[in-house]
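With the hints as constraints, model all of the structure from the sequences given.
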Amino acid sequence: MLSKKMLVSNTHFLLYFGQLRQTMTKFCQEHLAPKAQEIDRDNEFKNMRVSAFNRHACI
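In terms of my numbering, the sequence shown has 78 at position 52, counting the first letter as 1, and numbering is strictly consecutive.
Derived by calculation from the structure, the hints in this document are not laboratory data. There may be inaccurate statements among the hints.
What the hints assert, rightly or not - Taking lysine-lysine and the DSBU-like style, the derived pairs with C-alpha atoms no more than 35 Å apart in a straight line are: (1) Lys72 x Lys52; (2) Lys52 x Lys31; (3) Lys61 x Lys72.
Below, the structure is given as structure tokens:
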């Protein structure tokens, strides 16, 4: 049986993971999906700026 402390820690982790997943999904939809064909064709992320990652709290 999990202790109450472990259960709370696991719950916080799951909530954080859910938020991270939502953030990354939104980032990919807004910044990567529109350029997906170009990224696949050239095999590089041209003109991708760190500021885009920062706005979505990815780094």
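Here is what the structure says about each hint:
1. Lys72 x Lys52: 20 Å, holds
2. Lys52 x Lys31: Holds. Lysine 52 to lysine 31 sits at ~32 Å (cutoff 35 Å).
3. Lys61 x Lys72: OK: lysine 61 and lysine 72 at ~9 Å, within 35 Å.
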